[in-house]
Structure formats: structure tokens, C-alpha cells
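Novice: Chain Y is fixed; fit chain Z onto it per the hints.
Those protein sequences? They're chains Y and Z, same order as listed.
Residue numbering for the first sequence follows the numbering used here, beginning at 1 and increasing consecutively.
Residue numbering for the second sequence follows the numbering used here, beginning at 1 and increasing consecutively.
Bear in mind the hints are in silico, worked out from the structure with no lab data behind them.
Because the structure is a prediction, the values reported are computed rather than measured.
There may be inaccurate statements among the hints.
A pair counts as met if it fits within one copy or between any two copies, since identical chains are not told apart.
[Claimed, not checked] Each computed DSS-like pair below joins lysine-lysine, with the alpha-carbon atoms no more than 27 Å apart:
| # | residue 1 | residue 2 |
| --- | --- | --- |
| 1 | 245 | 399 |
| 2 | 475 | 431 |
| 3 | 89 | 454 |
| 4 | 245 | 152 |
| 5 | 626 | 431 |
Number of protein chains: 2
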Amino acid sequence: MRACVFFFLAVIAAFAQSNSDAWRSQGVIDVDHSPHATLHTVPIHAVQMGDGFWSPRMRTNVERSIPTMLEELEQHGIVDNFLRLSGQKQADRRGPLYTDSDLYKWMEAAAFVLESGDRPDLRANIDRLTTIIAAAQEASGYLNTYYVEDRKDKRFTEMYRSHELYCLGHLLQAGIAYYRATGNRNLLDIGIRFANYMVENFGPTKRPALTGHPELEMALVELYRTTGDRRYLDFAGYLLSGVEKERLHLTDAQVNYMFSGIPFTSRKQFEGHAVRAMYASCGATDYYSETGDPAYLETLRKLWTDLVNRKMYITGGVGSRAAGESIGEPFELPNAQAYGESCAAIGNMMWNWRLLAVTGESRFADVIERALYNGINSGMSLSGTLDCYRNPLESTGEKIRNEWYDTTCCPPNLERILASLPGYFYSTGPKGVYVNFYNNSHLDWHLEDGTGVKLDQKTEFPWGNTVDIAVTPGKTAVFSIFVRIPEWARPAQVTVNGRPAPGTAEAGRYFEMRRTWQADDQITVRFDMTPRLMAANSLVRENTGRVAVMRGPLIYCLESPDQQAVSVSLFDMELTRPAEPFKQEFRRDLLDGVMVLQHTGRAAEKPLENEPLYQIAAKVSRSATKPIELTFIPYYAWANRGLTSMEVWVPLK
Amino acid sequence: MRACVFFFLAVIAAFAQSNSDAWRSQGVIDVDHSPHATLHTVPIHAVQMGDGFWSPRMRTNVERSIPTMLEELEQHGIVDNFLRLSGQKQADRRGPLYTDSDLYKWMEAAAFVLESGDRPDLRANIDRLTTIIAAAQEASGYLNTYYVEDRKDKRFTEMYRSHELYCLGHLLQAGIAYYRATGNRNLLDIGIRFANYMVENFGPTKRPALTGHPELEMALVELYRTTGDRRYLDFAGYLLSGVEKERLHLTDAQVNYMFSGIPFTSRKQFEGHAVRAMYASCGATDYYSETGDPAYLETLRKLWTDLVNRKMYITGGVGSRAAGESIGEPFELPNAQAYGESCAAIGNMMWNWRLLAVTGESRFADVIERALYNGINSGMSLSGTLDCYRNPLESTGEKIRNEWYDTTCCPPNLERILASLPGYFYSTGPKGVYVNFYNNSHLDWHLEDGTGVKLDQKTEFPWGNTVDIAVTPGKTAVFSIFVRIPEWARPAQVTVNGRPAPGTAEAGRYFEMRRTWQADDQITVRFDMTPRLMAANSLVRENTGRVAVMRGPLIYCLESPDQQAVSVSLFDMELTRPAEPFKQEFRRDLLDGVMVLQHTGRAAEKPLENEPLYQIAAKVSRSATKPIELTFIPYYAWANRGLTSMEVWVPLK
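For reference, chain Y alone in the conformation it holds in the complex (with noise of 0.2 Å):
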């Protein structure tokens, strides 16, 4: 019965996928007919987004990071690499051995930008590479810029490193994104070429395959889902599977980092790289959307828990330690020395995202919404043109925003995020629509029944409280709309059309309201935002005695600049115990426009770093302080004006 049910809707799915026109309603991710997921997404040109928090960084964007993002890679020989291979270039091969990966992931940026209205300067561009690129394809369907000539004969013999399957993944994801803008396959053919030379000459039975930095698999899934075409499936799940250890000469130290290599199944925490980490764990939540396996269901729920509840930075952040670009042990979450790659909290939203769409459960949305509104956040400067690799939580001032890294892995992944944004502010599902975040926008799609619905948001989110939800059916008819109260807004309150909605709108869950809608009802949530200290479990050494300001989704952290001149160090302040609420304002002129938090707080009279490293505690005296006020800015905001010092976790005295 249960085969019967898969095949009917494997059968459904291919006939979808078949429709020309299919490539019009994919999302961000593409689980409409995947049988393990809940919620379904909504194609990115559905949801247009309005003036607020996230267009002037949409728009800077479009306008300058993707454009010199371009540049750079040009300028960086990037392109290049590809255009020697077919004779177009006389150079030598630049930068580390995953340089194409940087400029897949600039494409499927650039895509996705397409897909919320044309841009024939991005599209020209686009085409154009895809033609270099083509002309760089082997016959055979290989296609990697690093591994030719001299290190011909080294393909696919150090897989744990080569990142060629990397590179491989983000075609595919790349082609896919442009399929999806504009129905132009040719780049997407590309990646297939090589997809089929994968599957045609490896796996179990054949030469033995390794994503040494996870990412393929996910973008397998999505190809399978693209082309309807199992073997790319099973390729992921083969992949996954963790098989080829002993084929390959694995060593556990290889299997821990990479995230690869042993069985998905089998991990039972966080460790190693943290970007593979979250990529591997991408590619398994794929995989089980479509195959329902509860083996992989059960080690992310397990995996999950131990992110979020042992090694996750309040920023969404992943990743402690340098050393490895790793995730640390349980509760090893030092501030000054956090990792906090970027692309590590884009992996983390992206992981949830389809943990979210799995199972329809608003905590993973939280997750997205922690991240997105912060550690991912503060990854792009306010210029659009200096990007962060590492994303501490407290900085001496070191120079932490560059135009270009050699492993610029980073910035077109956070120039891919925005450009995709539109793609996960709404869901469906078979009850009706979700309204994950908030945000000026406006939503022009349809109920899985086919029934139009527009849904019209206005909001000053995340500054403002409230937000009003127009909905505009296509007809009069029954359905629910799901508003997602995040966890940190208690209490909430939901009112449709001016009145009280029926039931409890509770923090973390999504507040269903089903009823009969029609034209010019009116929906409206307000959050309370009163800005609050957050505590760390005690286990996280370096914040003992702390606290972190938040507001809203918004985590804040103190910056010199905007401290009142003293003779001490931001390190050498501490915050009062509230007695009084925070002064809270919004400076229209600060930082693109921030909400700005006040409150009292005392700076030692000496410098701490003058006082003994070591002494007997008995005879610490607290050194002598005076009253200050202290300013707080969202941390995503931080270190846009030079090399300033920060702190996100404050002394509470």
C-alpha cells in the first residue's frame, strides 16, 4: 500500500516535472511534490518585498555586491580559469583548487535576483559564462578547471580534499536557479553532463565516490527534483550512505571533519568543518523529504539538538575554533575567538529551512530567523562590498570586512541569500498559507487547491511591533492562515479584522487561523518588544556573569564608537542590573537607520588590564567605577565605521 501510495505520487511528480512551464512555480528549494515534506515553498517572484528592513540590503545587493563580486572574480582570473581550457586564455590556473565553486555560486546569486524581475545586464552575464563554461567541459561531461594537465591524473584520487564534487554541486544549484528565473536550461544541461558522468562511473559497484565537503547531495536532491531523473537521487543517497571509508582509505580524523564518509545515519553530534557540517546535514534533509527514510529523520532531530542546544552562538552562528574552520565541543562558545563563518550560519538557515518544510514546525524557523537577522546578517558590511569570513561575537578591533579573499567562499553565499530572500518569507500547505517572517511584502500566489491568495504585509518589523496582513483570496472561501509567533514574542497578540482571534497565539508555534476568508479581511500581530537580557547556559565558560541585550530577532552588542568618551575600554564597562527599562531610539541617521538601546551601566575609573592576573581571591577589591551610559547597536551593524572594539556579551553587575 505504502509502495503504491510512493509510486502514485512519484508518478504525479514526473508529470510535473515534465510540464514546460514547471520551472515557473519551483521555490528556493523545490518540495511540492516531495512526500516527506509539510510545508511547500513558493517560487521566489511571488512575493514581492516592499520598503523596510531588508530591501535597502536587497538593493545594495543587486546594485553593487553582486556587480563587484563580478568584478573581483574577473579580476582574480576566476573566469579565466575556465577560458584557458578552451584555448581562449593564454595564463597559469588561479587561486585554490575550489575556485569554481565561487563563481557557480555568484551565478546562482545572480539568478536568483532574476527571478524577482529581469535584469538583461546579470542575464547577458550569465549566458555569457555559461558559454565559457560550456567551452570548458570535457566531452565526457568532466568539468573542473584545477584538475587538468599536469594534475590530470589526480581526478578523483584525493577526494577528501579535491572538492571537485563541490564544485560539481554548485553548478548544479547554479543551473538549476537560472533554469528557474528564465527556463534557459543550458547552464543546468551543463551541470547535468557532468551529474551523468558521476552517476554512469561511480558507486557501489563501481569507482568509489566522496563529497570530501558535502554539498552535492543537496544539489542532487534538487536536480532529481528538477528533472524528475531517480538516479540522482540515489546518487545523493548513495553519497550519504557512507560506504566507500575503507575504499577510499578514510581516517577518522578524515570521516570528523569532513562531515562524510562514514554512514549520515551513524552521526550522533556536531564536529569537524562546520560549513560541511551544515551541508551534509542540507543534503540528508533533502534526501528524507523524498524517501521518508526515519533513520535519517531521527539522527537530524538528534543533530539539531545538539546545535541548538550545545553549540550554537546566540547570532545563529556556527563554528568556534579557527583550527579547522570547526564547531567545537558541547558548550565551547568563546567570543572573541569564534569562527562564525559565514557561510556556516547560511548553511545553518539553509539546513533549517528544510528541516522547517520537512515538518512544518515554526523552532526551525526561529533558527532561520536567528541567523538570518544576525549572524548571517552581519556577515555583509552596509557598503555591499565588504564581507566578513569570521563573524566574532567580540573584537579587539582587528579588520574583519575585506573586498576579496582567496577563499572567497563566502561572499557570494551571503549575495545568493539575499538575492533569494523572497523565496522564504511564505509557505503553503494543504490547510492553507504560512507567514514564516515579516517584512514588508506582498504575496501573489496561490492555496494548494488551486484558489488564488494574495496576502498584503505592512510592518516596520524588526523595529516596529506590529504588523498588518491584508488577504485577498481569489474567491470567498474556507482555509487557515498561519502567522508564526517566534519565540521570543510573548506575549502576542493576533487580532482579525479588529477582533481578538480565537485561541493562544504561543510563542514558537505557528498561530492557525482558519476560517472563511475573503476580500479586505485584516490581520494583525503585535509582538512585544521590550528589549531583554538572554543568559547562557553556565556551561559556556566565557559568558559567566553575562548578558546579551536582544530585541525582537535582533541581538545587540556594544561598539566603541558609540560609547561615551572615557579612559577605559569597552572590556573595562558593565551593565546595571535593570532597575529602569531601556531607552530605546530609532537614529535614522545611525548606520542606515538602527534602533539604538540605552542604558545605564559603570566603566571601571582603571583599566582592568593593569590589575593582577593572578591574586588571592580574598583580596580582589573591586576596582573602583563610575556610572556610564551604555549604548547598544544591532550586532549585525557593527564594524561598518573602521576597526572599532565590540562585545555582544556585557558584564552584569
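Specialist: Chain Z only, in chain Y's frame:
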């Protein structure tokens, strides 16, 4: 005038060194003729260590550690690496590029043992190895088992990593130690041939030289002291002058990491690789003691303050990060993630030994004591056959002790410290004799005017708090005896023949007793050894709200096998603020005999790891706790009972 004095002293030095018996009076370092040394060393053979704290460690070192390590070195091909060069072995070279140094350091340790009394087996092994090494030396003097054959043309082309000069430094130190033990120059002469090759071919107007891993600097100064040949001192000065950054195309990152390559006197703080930084500082101090260049002393004092006030573990360990085995930012002193390489604590001790000689200031001996009893002493298992590379201050049970490391720098380094230990206990100065450290021991040496002096020290230090010193001068004479009052020893009392000695015995100073000393005079020193709770500067984030227990020179820790069986881990326990004193009990059966400390504390009823990672501070409820007896053991003795959890900095309620 000053030049004349200098010339005069140099002549004396040269005379002393030409004396064929000079080797008999030379200490671990020989500063007897160093114009800028305040204290002078006594030879190792002048001090007989009696039973007590160190003698079992030293006996195990001679009987187990040193023989086992030679076996390991032989088994891992480190000796074969030499034999293959003289055609006595057909085999591939084995091990990393610096393995020669490990053998030399083993030879130095063995030579130090011989200074305390002949051991024909050890002597025979050194002689055998010397013959093997000599046969591998090239006619030019060049000697290195890595830069041969295919790699021959890379000699001195990659000094930032090659360790060629590091190996030479250890060869010279081994040769000097064996010469000082036996008068046999064979090994020394091998080193001299290579040193001459360097001096003749490298320099500001010749080929450029660099110590990519400092070490040769101090060895060259010691070679100058041993031979009187000033070229070696000058070459050490050239290396420390750091003038070859341009000729060698060194990057800023390289000179930071190596702690060489720019003028030593331009350094303002510690950074980079911890062992490199410590060894470079040793060399610079040695260089100062011969030249008196004030820029060196100023830099050394600045660096010392940086280390001791901002970057040193309470155990005397150095090096916060695994990444680059490096010193971190000021106050970056994580506990579980501490690197604290044994070699770095040893380097810290060696450096402070040199600073003590230069200045005569007790605070340098305080650092030696801190490192020796804690961060060095922890490095070797009680069995003597398992060594730590890392010395963390907290552990969830990782395997930190191993028989062998491919980079086996630490084990023979620990062995040479234990073998040379008698040489650190006493010093002389123009006014008399200095008692630096406390252990049952017998000094049979002479004052600087030639008057014989014997000191017979009886003590149960560091378990007992009393030291009795019987004084037997060669003849009744007026001179000073200085006893060191450790910084932790407040108050301390000193009596001579049962009556309080005039003056105040101030902690952190040498206490001078100047009088007419005659046979049977008896000094007694009593220290306060009440266990104390130590606090760290509040800028050390990990130690906020925590204390370390210290008793005398020993840092204590909680280790899991000693705690009451409860359902939670060590990390869910806290110390109750002392109302009553610690219970103290010497347990002869435990860990080769340790003073155990006990105090009431509290343990959480449920593991803290199940608490939320982040929550609203006002809602944090202190989890329920119950009283528990906490048992502390000395830090150095941890990890001798399998894989255990351990914590030095304990939360204080």
C-alpha cells in the same frame, strides 16, 4: 673605562675557559664570567638531591623515561636517519624534518644525568651515538639528515621552516652538556664544526641566516661561554638582530609566528608560536648577559610583563591556541582548549632562569617554581613513560598522555629538565650563596671568593611548610645566605639557630642573612601553606566566577576519580565559599603520595547540559543543588588513572 673593564673580564673569561678543568665548574648555563649576570650557577654535580618530592620523579626519569625514549627514537628510525647517511643502513629517512633535534635533546638529558654520577650504560650510548652522528657529518661541517639527496639543493633556502639551525642548536647544547659532564669534547666538536660553517658562510655581508625556530641563539652564547670564541656570540647577536627580513622575503605573518626575522629589540609583546617565543627570549637574555645592551633588557622586561600579567596560565604554561601552537591575545586563556605545550612551559622556565641570573630578582624564580611544579610537572606521567604535548587546565577525558609523538620534542625536553634539576636549586653571587628552591638536598660548593660552603637542606616541601638548612662553611667567615621567600608564602618566618633572623622576610624577595657563619649553624624557614583560593583578572573570560585552589607552589584540580559518585559530571559541581578551612590529608597510597585537599561544595541535581543554551536572564532559575564533598589533587598528578575529567578553575558559589 667601561671598555677596559669589559676587556679585562673577557681576558679572565678566556683564561677560565682555557683551563682544561673549567667544565667541572660549569652549571646548566655557565654565567660565571658573564659581565651582566648578577647570580652565578653551580654545577649540577655540586648538588645531591635527597629523598623527597623530586627524587622519585628524577629516579623514574633516569630508570624509565630516558631508556624508553632512546628505544622509541631507535624504533622510529631517528638514529637510522644518521646511519643511512654513512651507508650503515639502507632505509628511507623517517619522521618530520626536525627529528635530529629530538635525538640531540635526548643526549643532552642523558649528559645531565651523568653530571650527577657516572652511568656507564648512558655514557656508552652517548659515545655510540656520537660516533654515528660524526659519520653522518659532511666535510664542510654541515649536518642534517633531512636536507640530503633530493633535498640537498634546498639547504638554507627555506629557513623559515627548515629547522636546520634549530637542530644545530640542540646539537650544541647536547655537546656542551656532555663536555660539562665528562670533559669529553667529541660531540661538542661535531657541533663546533657545523657552527664554524655557519659563522664562515653566513652573516650580514655573506649569505642571510634566520632561525625559523629560535634555539640556536642560546646555544651559540653557551658555546661562546664554553670556548671563549667571540664569533659565536656575535653570530647569536646577528640572528637576534633580525636584519634579513628583506633578503629572505619574509612576510609579517612569518616573523610574528617565528618570533624571529625582525630585531628582537623591536618586540613589544608576545605573539606567534609559544615555544619559539620562549626560546628566542632565552637567547636574547643570554646575549644581554654577555653584552649588556640595554635595549635587550628593556625589551625583555616588557615581554616578561606581557607574559606574566596577560598571557601565562596559572600553571606557568604558555600558549592558548592549538592553531599555530600559539600565544593568544591578552587574557585569552581558555582552559579546556589551552594548548600549553610542555616545551613552552619548559621554555618559560629556561627563560626565567636566565632572567634570574641577570637580575637576581626573586620574581623570576617564582615563575620557574610555578612552571616547574605545575605546567612542566604535569607533562610527564608518574610512570615516566607517557608524556603530554598539550597541558590543558580542564578536560572532558581526552587522551593527553602518549608514549610517542611524531613530533616528539616534549618528552626529551621534560627529561632534560628533570635530569638538570639539581643545577637550579642554588646560585652564588658576590655576597654569598642563594637558596632558590626547596627540596631535600645537599650543596657542596664554594663561595665566589673560594671559601668552601656546604648547605644541607631538610624539608618535606611542598607538602610540609618547614625547611631546615644546616650551614657548614669551609671556614668561619662573614658572608650572606639568601633564602627565597616565594610570592605565595605570606607570612614567612626565618630563624637562625632558633632565633628570628633580623629583617623582614618579604614574600617575592630573597631574604638576606649576612653574618659570620660557622659550622652547625642552622637556618629554619617556615611558610604559610594554607590552601588559598586564587582569582584571575576579570578580563580572563573563562575564569569569571571561578577560583583555582593553590597550596604552596602547587595548583590543585578536581579530577573525576576522586569525587563522590553522583549523577552529574565534574562540571556540574561548585565550591562553596569557604567558611571552614580545607581539610588536608597526605595520602601516601594515592598518585605516588600527594596532599589531598577537601572542602564542601554543591553538585547540581540534574546535569546542567540539559538546561537551555540561551534563555531570558530573569527566568534563569538556579538549578537545584545538593551538598557534596569536593576532593582536590595537585594538578601535576592528573591523568594518571585512565581517561578522566578534570578542572582547575572551579565555580565558586
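Novice: Determine which of the earlier numbered hints do not hold for this structure and return their numbers in increasing order.
Specialist: Violated hints (numbers, rising): 3, 5; every other hint is consistent with the structure.
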